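Produce the complete structure using the sequences and hints provided.
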Amino acid sequence: MEIVVCVKWRPDTSEADLTIGSGGKDIKKDGLDYDINEWDRFAIEEAVQIKEKMGGKVTVVSVAPEDAEEMLRETLARGADEAFQLWDDAFEGSDGYAVARILANFIKARPYDLILTGTLADDDCGGQVGGMLAALLGIPSSTLVSKIEVRDGKIRFNRELEGGLYEAVDMDLPAVVSVATGLNEPRFVSIRAVRKVASAEIPTVGLEDIGLDEAQVGPSGSRILIENVSMPPEGEGAEIIRGAVEEVAARLAEVLKEKGGIR
Amino acid sequence: MTLLEPADVPIAGIPSQFLSPVILAVAVCLFCYAIFKRIDVLRKAMPDPRFSDLGVRTKLALVYGFGQWRQPRYLGAGILHILLFAGFLILSLRSLTLIGRGFSSGFHLPFLTGTAGFCYEVLKDYAVLIVLVVCIVAMVRRAVFQPARYAHPGVQGHESEAYIILGLVSVLMVTDMLYDGSALKAEGRTAETFLFPAATLASLFMPGHDAGTLNYFHIGGYWAHILIFFGLLNYLPVSKHFHVITAIPNVFFSNLDKGAIKPVRWGVEDWMELDEIGVSRFQGFTWKHVLDFYSCADCGRCSDNCPATSVGRDLSPKMISIKAKDYAYKYYPVFGTAPDPGEVKFTGDIISEKEIWACTTCGACEAECPILIEYIDKIVDMRRYLLEQGRLPASLQKPMQQIKKRGNAYGAPKTKRAAWTNELEGVEVRELKEGDSTDLLFFVDSCGSFDPRIQEIARSFARILSRASMDFGILGQDETDSGNEIRRIGEEGLFEQVASKNIDAFRSRMFREIVAFDPHALNAIRNDYPERFPVLHASQLIERLLAEGKIHLSGNYLEDRLVTYHDPCYLGRHNGIYREPRSVLNRLPGIRFLDMRRSFSRSFCCSGGGILLWYENEEEKERMGERRVRMAEEIGAQVIVTACPFCLINLEDAIKTTGNEGKIEVIDLVELVDKYTSA
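So the protein lines, in turn, are chains A and B.
Counting in this note's numbering, the first sequence runs from 544 upward without gaps.
Counting in this note's numbering, the second sequence runs from 6 upward without gaps.
Keep in mind that the hints were calculated from the coordinates and are not lab data.
If you're wondering where the values come from, they're calculated on a predicted model, not measured in any experiment.
Glycine is no exception: its CB is placed at the ideal position from the N, C-alpha and C atoms.
No false leads were slipped in.
Taking CB as the label site, the calculated pair distances span:
#, chain 1, residue 1, chain 2, residue 2, range
1, A, 697, B, 666, 53 to 59 Å
2, B, 662, A, 695, 51 to 57 Å
3, A, 597, B, 458, 48 to 54 Å
4, B, 424, A, 779, 22 to 28 Å
5, A, 781, B, 348, 54 to 60 Å
Below is the structure:
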């Protein structure tokens, strides 16, 4: 079974103090730590678990610059068999569509049965690459997937809906499956495990090898243009209600009535 | 009349001069063969350098082995055991004498003739009686009172071992009494009750002057004694009573490197290149660990003091030793062919993952074991293996990744490591750059740098140092997590990384000593780091400052409330610092202080160590912190003073969950001294 996992190399915005960059079209990224998208970590673990059960090969791909090499090496330590870094300076500034284009061109030249990825990237929450990649390859796709079972050329899984509901889906392979978080427990990767794959080769694949030209990638290949990024307005903060229990309850009921929380 | 001696009475026509050597030879050969097979397993195990400091080791063997130093920690059982052990030593000469009697009648050991011999006979007789009484008391105690620590949860087949041994030893004593009692009766020496109480007692049950019957008792008693003696000898290597032979060697070879964790493999520099690390198979243990398994006497004192066992986690240290010994006896048998373990994995099947992760490395088990059996290194070795398979409890994955990326488990950016100093009014905390020098290097560690509650301790300490006009500084951004917990979780690679970053930071600055208020940092730097730096704990420094008159205590913050002190595991048990925190507390004006029942080396872990604060255990019925707060409630304490940030966090949480908010206050020693020096 040939499994391809697409991962994103993105800044960790969870604990950082974000500021808007000059030009107002993006956040300032130089002080930030970059790492693998959390959702994609679940995708890799799923791929490796499927391989361990059924045999086959796991290939990890990322559209990312040189700095991402350490991240890709860690995916090898996790159990992936090979990793590719797709980059060219022209790729800088690509939106979801352009990234999907790059990935599609690379992947279609190789054998693949299943493509896994995380549903969202946890920095910009785009959620576009999976679906667009599938459309470009002409194969089916799904999102927020868990409980994956592969059998006889088909894949069966649960897809998360609203309100805690799930739908069970049967899909023909090859397909693009975007996973939900929590569908497995990603294994721990120790320093020693990464050291063991220190000498593995991670090829860089550029514009020409992928078979695209400059107009098809970067800002010119993108269909979305970000006009402006700004911080949300700061509110006054929470009102802390102090006092005896009865006083607090009375004030709370008042506030709820005022704000329309109680009819 | 005088009775016939064994050496003069053939058995079924065979002279004893033939029987005795044959029995002796067979028994000794069997015994040596069994010992050889047991030692063979040690040869196949991993290396462990335990031949240094022979003088220190000999002293340990004398104090803990022959001196039975730890036995009285359980006074009743301890006295019983000491009597049994002393009796055993005294009677060993008797056994040799009796063996000799099979060769020639009236045999005596060369130095035990005349007056000396007579004195020994008296001593021996008392020993026989005492041992018999002790065995009976022990059997009754075990059967009737059923001490909880003797149980074997989840493992069958060990219930009768103790009774077999106690029974056999009792019969051994009785046969000796028959041998001597019959002689006493025959020779009419019945007025020697207080010289030979055992023999006299036996003689009471014997018929008057029937020489024939008395001879039967004498000769029969002798051969029964010989056979049971050699039977017992050969029972030792195949039962829990192997400890009779291995206990004192076990103490001799015990761990002299307190507080440190063993390297991944002794004698291997580049351990990352090894095919296998940690313990997955039984042979992954070192030979000393296997000797530990052989030596476990099933006394249960370790588990009786284990906080994990106490709150219902799956871990019971004794059961690890028992299960490992059973595994060794089963798959490396003395007789017969060794069965194939097949699919059974030692780490995972014999010892479960839950047991392995439940340990907080508090060291209570090691502090209690009368024969100094080690547990922490074994747990860490098994964790090392599990980690390589990627099996780390889910709750710990994120903190560990954060340490890798940011040098602290909180995920906070490195640049903010010294941010706690911003809210410090009136005190300048120097951030030492490379090449700077200072008198005291204050190692804050991650808790103190990023946890808002613990930052208060860091500020308190900075204020104290400032009031004492100490020249001190911190590493600031160049400080990385000390790595104490990382090593104990089994991530040796990451531990080496953080340790080397800290050591580089130390090397590029000049200072006289390092001080930390976090005992985990203290432990790692003092015991685990490959390079040694002088380091002390805040409580030791404060005691020194008080003695030198650099700070003075005044005030009434405690207001007559009853104060107790919780000994942190990494300050107390692992580093022997019990006195200094108490000495500081006792200088506080007007303090009312009382130790809890579990204090000093019997202190009860708060669950904070060895596994990071984030670990969630599903099996426990109660949190260790809550159990500890109840112990404070027991003595009516209104203030719990501690000297470790993890303890503070766990105990403060427990105060809330046990409904003691407002009734009991938890405070760090440093914070308390801050309050009493702020005037």
